[in-house]
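Q: Here's the letter readout for the chains.
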Amino acid sequence: MKTILNSVKNIEQIFGVLAKKIQRPDLIFITVEKKQVLSVLSHLRDIEEYTHLVMITAIDYLEQGKFQILYLLHNYKNNTDLGVKTFISREDAHMYSAHHLWGQVATYQRELHEMFGIDFPGSPRVNENFALEGWEGIPPMRRDFDTLRYSQETYNFRKGRATNDPKKYMKKNLHKE
Amino acid sequence: MKEKKYDILPNSELKAEDRDLFCDARPVPVSKLNKYMEKLVNWARANSLWFLAFGTGCGAVEVRPLMTARFDAYRYGIAGRPTPRQSGIILIGGYASVKTLKRIIRSYEQMQNPKFVISLCSCSINGGMYFDSYNTINQIDKYIPVDVYITGCMPRPEAIIAGFNKLKDRIKAGNAEGANKYAENFDYYKANQKKIIKDWNMPDYNW
Amino acid sequence: MTTQIFIKIGYACISIAVMVAYGLLTGGVMARIRARVYGRYGAPVWQPFLDIFKNLNKRTAISHGMMFYLGPIFRFAGGLGTYLFIPAVFGSVLFANFSGAGDIFLVMYFIFFGQLGMALGAGEGGHPYSGIAIARGLAQMSAFEVPFALAVISIVVQYDTFSITEIVAAQQGGILHWTMFTNPLATIAAFIALLGMNMQSPFDIVIAPQEIPIGPPTEFPSQFLSMLQTNRGLFLVAKLILFMNLFYGGATSVWILFLKTFIIYLANLFIGVSFPRYRIEQAIKFFLKYPTIIGIIAIILMAMK
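Chains as they are written, first to last, in my numbering: chain A, 1 to 177; chain B, 178 to 384; chain C, 385 to 689.
To be clear, the hints were calculated from the coordinates, so they are not data collected in a lab. Treat the hints with care, since some could be wrong.
[To be verified] For each label pair, taking beta carbons as the anchor points, the in silico distance ranges come out as:
1) C:G423 <-> A:I59: 36 to 42 Å
2) C:I389 <-> B:N211: 34 to 40 Å
3) A:Y61 <-> B:N383: 58 to 64 Å
4) A:E12 <-> B:N383: 26 to 32 Å
5) C:G394 <-> B:A202: 39 to 45 Å
6) B:A350 <-> A:K168: 41 to 47 Å
7) A:A131 <-> B:D197: 28 to 34 Å
8) A:N78 <-> C:I677: 53 to 59 Å
9) A:R161 <-> B:F199: 34 to 40 Å
10) A:Q23 <-> B:P242: 35 to 41 Å
Only a predicted model underlies this, so the values are computations on that prediction, with no experimental measurement involved. Where a beta carbon is used, it is the ideal one built from N, C-alpha and C, also for glycine.
Input sequences plus hints: build the corresponding full structure.
A: Next up, the structure:
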């Protein structure tokens, strides 16, 4: 049976891996170049039997000016997960579309497009509304979006609402010592 | 001046070719019946509470147990109806995101005139734990008139039944005139709704 | 002559009023019994009256044009027609209604009529799911109509008449004269059809709120709905009285009518609460298989006598 380490080794030999992190014996994250992502994904799907795409998500590295995109795959034969990460630029945020590999990819890419403003040229219906209907301004999941201020400006705050800092509140009321 | 108030609605967000498919009449407040008849009808209304089975948030999970053998809300005349046309109450089940608010408004406007709103959970009162969220409204009564609030995160089914009983008292006293309030302050509510719902691709009033 | 007609109409009105009240009350009682089976207390028995009164006094009612109005009216006409052509109480002037020779055909037609009118009205409502609901309702209706029609034909062959009054008259004089004992196969076929007609549990598809809103009445608000609810009470009683007349010896007084129809419905309900639900195609297959075969055998047996 193919093990996850074998699969990672194959990827390293064929495509090259920038970084590797063994999180658990059955969960490994590899970082590859942006250009290599589609090849790595198809290799994993067709040859290494990572047939199930669990999710696609993005992480905003505001300080470094980068987005990280994570594709998480699952192998039903040996029950292991493999995360494929890549970095893309934050200013010109676009990524190659992988909608031909799995049917659900198009939906994930629509979500990323709406929440992070990452463009996936050629992905079906990527410019349509997903969950936020008619959103204007910077996408809400980017870290430079101030969600509290937006909420205060847009939605009415009812008077009388009090907010406590949990740490201080707990110290004062529960753990007095 | 009063003539002007019940003018037709512009439906300006709809496409020109779609406009004649939709109704453009304003909601009109309907006056009460005479005193004794209204009392009798209110008593019937209070004892036959049909709510719209539309779960808008996580609080809706507490509504389902109402129909089970343990809580048995049927004995108070409380029953779920699957269609807004026949139901008289809409339950706001917790947080309402902007997308859901649009559906809430559509459903609420489709209900027929004596209609009541019960709002569950703290999220719809002041935002609750989602007070700083980018898509959760903080105050539901800016958008539709609310009769009864039930606090808690989330309220237990007993609390919901207590809320229904509170609503019963309000109806019997003749104070639950949410539908007329909505029709009278239609411009206020519409302005608030349009302020946050950006793509308003529906008629101004969903009859 | 004119006074006789007016007296007849007055009697019919009284009998309709009594039967609507009785039907709604039966519905309430049965809902209560059902609730007790499920371990609940259930709504009070007068809940159907409250619901109707409330719906009648809603302040607004939306309409979708001419056909939309006709839907509930057709439906109500179906219930009214079914009831008005059945002699409710044997030998009573007040509850004789407009029965005459050959009324059994008229009644069978009227049972189907209401659903068709409803289909027209609900289609006009424009609700996307009401079409599915109509398809299901009519499919099931056509399916249970087959064993019911066969059972009725078997009775017609047995008693050699088309008049319900004569069928009831032939069953008088002791419990063993009832069709239930003289023609048990037809009774069984018709009883299964009655389960479908009353939408009791193996066949309770049409108003299943879990699947599609609530069937054809989805778009009907307020006063339309109260009309449909009133009809539900009347139609229920009409069906039960028809079955009582055809299979269980009719009734010679109102109290016997109440007792017999209540027991028929109770038997129906006991089956309803103890079975899970068929899907629509399973229900149709079932109706076209066993009850139909039983019905055909019943006809053959009666024809050979």
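Q: The structure should be examined with respect to each hint, and the outcome stated for every one.
A: The hints, checked one at a time:
At about 51 Å, the beta-carbon gap between G423 (chain C) and I59 (chain A) misses the expected band of 36 to 42 Å. Between I389 (chain C) and N211 (chain B) the beta carbons are some 38 Å apart, a value that agrees with the proposed interval 34 to 40 Å. Distance hint check for Y61 (chain A) and N383 (chain B): the Cβ-Cβ separation is about 44 Å, which falls outside the suggested range of 58 to 64 Å. Restraint check, E12 (chain A) to N383 (chain B): a C-beta distance of roughly 59 Å breaks the suggested window 26 to 32 Å.
Roughly 43 Å separates the CB atoms of G394 (chain C) and A202 (chain B), a value that falls within the hinted 39 to 45 Å. Between A350 (chain B) and K168 (chain A) the CB atoms are about 44 Å apart, so this pair conforms to the stated range of 41 to 47 Å. For the pair A131 (chain A) and D197 (chain B), the supplied restraint of 28 to 34 Å holds, since their beta-carbon distance comes to about 31 Å. Between N78 (chain A) and I677 (chain C) the beta carbons are some 55 Å apart, a value that agrees with the proposed interval 53 to 59 Å.
The hinted window of 34 to 40 Å between R161 (chain A) and F199 (chain B) holds, with their beta carbons roughly 38 Å apart. At about 40 Å, the beta-carbon gap between Q23 (chain A) and P242 (chain B) stays in the expected band of 35 to 41 Å.
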